[in-house]
Amino acid sequence: MPNISQRIQSVPPSGIRKFFDIVLTMEDVVSLGVGEPDFVTPWRIREACIYSLEKGYTTYTSNYGLIELREAVADHLHGRYGVRYDPNTQVLITVGVSEAIDLALRAILEPGEEVLVPEPSFVAYKPCVIFAGGTPIAIPTTVETDFAPTPEQIEAAITPRTKAILLSYPSNPTGAVMSREAMQSIMDIAVAHDLFIISDEIYDQLVYGVSHTCVAALDGGYERTILLNGFSKAYAMTGWRIGYAACDPDVLDAMMKIHQYIMMCAPITAQMAALEALRNGSSDTEEMIRQYNRRRRLIVAGMNRIGLDCFEPKGAFYVFPSVQRTGMTSEEFAERLLHEEKVAVVPGNAFGECGEGYIRCSYATSLQNIQLALERTARFMERL
Amino acid sequence: MREILKILESDSRLSPEEIATMTGKTEDEVRRVIEECERKGIIRRYKTSIDWEKAGEQQVFAFIDVKVSPERGVGFDDIAERIYRYPEVHSVYLVSGTHDLRVVVSGTNMKEVAFFVAEKLATIDRVHGTSTHFLLKTYKEDGVIFEAPEPDRRLAVAP
Numbered sequence: 180m181p182n183i184s185q186r187i188q189s190v191p192p193s194g195i196r197k198f199f200d201i202v203l204t205m206e207d208v209v210s211l212g213v214g215e216p217d218f219v220t221p222w223r224i225r226e227a228c229i230y231s232l233e234k235g236y237t238t239y240t241s242n243y244g245l246i247e248l249r250e251a252v253a254d255h256l257h258g259r260y261g262v263r264y265d266p267n268t269q270v271l272i273t274v275g276v277s278e279a280i281d282l283a284l285r286a287i288l289e290p291g292e293e294v295l296v297p298e299p300s301f302v303a304y305k306p307c308v309i310f311a312g313g314t315p316i317a318i319p320t321t322v323e324t325d326f327a328p329t330p331e332q333i334e335a336a337i338t339p340r341t342k343a344i345l346l347s348y349p350s351n352p353t354g355a356v357m358s359r360e361a362m363q364s365i366m367d368i369a370v371a372h373d374l375f376i377i378s379d380e381i382y383d384q385l386v387y388g389v390s391h392t393c394v395a396a397l398d399g400g401y402e403r404t405i406l407l408n409g410f411s412k413a414y415a416m417t418g419w420r421i422g423y424a425a426c427d428p429d430v431l432d433a434m435m436k437i438h439q440y441i442m443m444c445a446p447i448t449a450q451m452a453a454l455e456a457l458r459n460g461s462s463d464t465e466e467m468i469r470q471y472n473r474r475r476r477l478i479v480a481g482m483n484r485i486g487l488d489c490f491e492p493k494g495a496f497y498v499f500p501s502v503q504r505t506g507m508t509s510e511e512f513a514e515r516l517l518h519e520e521k522v523a524v525v526p527g528n529a530f531g532e533c534g535e536g537y538i539r540c541s542y543a544t545s546l547q548n549i550q551l552a553l554e555r556t557a558r559f560m561e562r563l
Numbered sequence: 002m003r004e005i006l007k008i009l010e011s012d013s014r015l016s017p018e019e020i021a022t023m024t025g026k027t028e029d030e031v032r033r034v035i036e037e038c039e040r041k042g043i044i045r046r047y048k049t050s051i052d053w054e055k056a057g058e059q060q061v062f063a064f065i066d067v068k069v070s071p072e073r074g075v076g077f078d079d080i081a082e083r084i085y086r087y088p089e090v091h092s093v094y095l096v097s098g099t100h101d102l103r104v105v106v107s108g109t110n111m112k113e114v115a116f117f118v119a120e121k122l123a124t125i126d127r128v129h130g131t132s133t134h135f136l137l138k139t140y141k142e143d144g145v146i147f148e149a150p151e152p153d154r155r156l157a158v159a160p
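These protein sequences, in sequence, are chains L and P. At position 141 of the first sequence (counting the first as 1) the number is 320 in the numbering used here, and the numbers step up by one without a gap. At position 61 of the second sequence (counting the first as 1) the number is 62 in the numbering used here, and the numbers step up by one without a gap.
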């Protein structure tokens, strides 16, 4: 057989995948390993989708996506963050934010150009940079800086080949939210070195007691930010695969060029549902946020009580406690906890080397499950 | 207060300690709010949502729409009271529309409920008519769906 691309082979398989395969073979596992809402998509959204099928909305849409949806996205962003995008030239509906990440990277990168990726972060960023021909440069962050990169770190990592910084706050896996001031100081560096910022803000609505800073709304942010967001988390629509990009028209044009050839358009059925989500879904989202917040406090307190020091996350639906005092690596801890107490968590090193010594626990699961998982984990800790 | 009440409304078995953690308040504060709400009657009682049919219990419910004439000075209140004092009466609502009171009555069988309506309700002086609807199946009650819950279809571990 001819060779498989060296570039693809150089990317290791996802650390999450390995774990998933073990969990599948077990019964009665309480999983804190799920990176998606435990809510089913609100009924009004599902119903709108069914209605669209009944009415025969089964065709392609514009490559950019339904204009009504792009207008709704533009209105939403303007209403929430005061940033104004032209729905005709600055908004692209994509198949999840995942596609948008790929499009953004491919649209801007020359071979060998570098993208700074603060870690721990979502598992797809570094591979996507590599697939796009670029070089990912990990910026390790720690709990001391609330899992946010410092301006000094960013400055020190910049080379003549640096093209972009990939930000993702609120963060999966840490739940960290960056303050406006901290964001601005990163943005100032991007302006000084003329870099793009790719900002994946998929968890923007899931913040607790703080407000989210839209990177595009920062001073100097509008021109250079490729703002990515979608419907998966805020509206519990992971399986629908609808995301969007909003940015400068020239960048969008480049992204659109790739999108039209590889994807044509996002599925119309899911776009119709997304439209309903933006028009009428906010009360459902608010209720979900209230419930996440209660669970968040419960799990943070629970982890700290059983001796797993837990940074207080202000966003997303993850906690990222340290397992360092057990003397185990993330993977050892996660594997033993799974085999001995049937609680599934994700080892922190799946999200970058600096995630070693941590585990990611999702609280997108019922209160009962959280309490059960905490009891089991406490039992596990007592035995150590 | 609203947050604490909302949490209790969804699960009244949670302890003040747990509620305190969930809301970021102190345990004392939560206890105080709950006691105050109990005292003021904001919290009426702690009830459990039970699927009696599943429990194998024979219990019949009927919704009875009642037409009554109001009395000067007290409106419908006195007659509503005469009705709700019966232990068979589950709830009584004053409603708009073609009838005045909506009464929910329970019994062990249809006959028992029908007799109650015929003998006790319909014979009250100012009651002009009743219309009885027997409950056949409960789909959702107090926000709780009685059908089998939708299974968690998510993958056990996902990025």
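Because the hints were derived from the structure by calculation, they are not lab data. Even glycine gets a Cβ: it sits at the ideal position worked out from N, Cα and C. Do not rely on the hints blindly, as some may be mistaken.
Unchecked claim - Distance ranges between label pairs, derived from CB positions:
| # | chain 1 | residue 1 | chain 2 | residue 2 | range |
| --- | --- | --- | --- | --- | --- |
| 1 | P | 52 | L | 207 | 46 to 56 Å |
| 2 | P | 38 | L | 247 | 18 to 28 Å |
| 3 | L | 207 | P | 10 | 29 to 39 Å |
| 4 | L | 442 | P | 52 | 45 to 55 Å |
| 5 | P | 86 | L | 390 | 49 to 59 Å |
Said to hold, decoys possible - Derived list of chain P stretches under chain L, where covered just means 3 residues or more per stretch with a C-beta under 8 Å from a C-beta of chain L:
| # | region |
| --- | --- |
| 6 | 4–12 |
| 7 | 67–76 |
| 8 | 150–159 |
Next item on the list: Examine the region 4–12 of chain P: at least three residues should have C-beta closer than 8 Å to a C-beta of chain L.
Entry: Satisfied; 4 residues make the cut.
Next item on the list: Given the hint of 18 to 28 Å, check if residue 38 (chain P) and residue 247 (chain L) actually sit that far apart at their C-beta atoms.
Entry: 45 Å, violated
Checklist line | Per-stretch coverage check for the region 150–159 of chain P, three Cβ contacts closer than 8 Å to chain L | finding: holds (count 7)
Notebook entry, point to check: Are residue 207 (chain L) and residue 10 (chain P) spaced within 29 to 39 Å by their CB atoms?
Noted result: 30 Å, holds
Next item on the list: Could you see if the CB distance from residue 86 (chain P) to residue 390 (chain L) stays within 49 to 59 Å?
Entry: 53 Å, holds
Margin query: Does the beta carbon distance between residue 442 (chain L) and residue 52 (chain P) stay inside 45 to 55 Å, or does it fall outside?
Written below: Since residue 442 (chain L) and residue 52 (chain P) have Cβ atoms about 47 Å apart, the given range 45 to 55 Å holds.
Notebook entry, point to check: Between residue 52 (chain P) and residue 207 (chain L), is the Cβ distance one that fits in 46 to 56 Å?
Noted result: 24 Å, violated
Next item on the list: Would you check chain L against the region 67–76 of chain P, counting CB to CB pairs closer than 8 Å, and say if three or more residues qualify?
Entry: violated (count 0)
Violated hints, listed in ascending order, are 1, 2, 7; each of the other numbered hints is respected by the structure.
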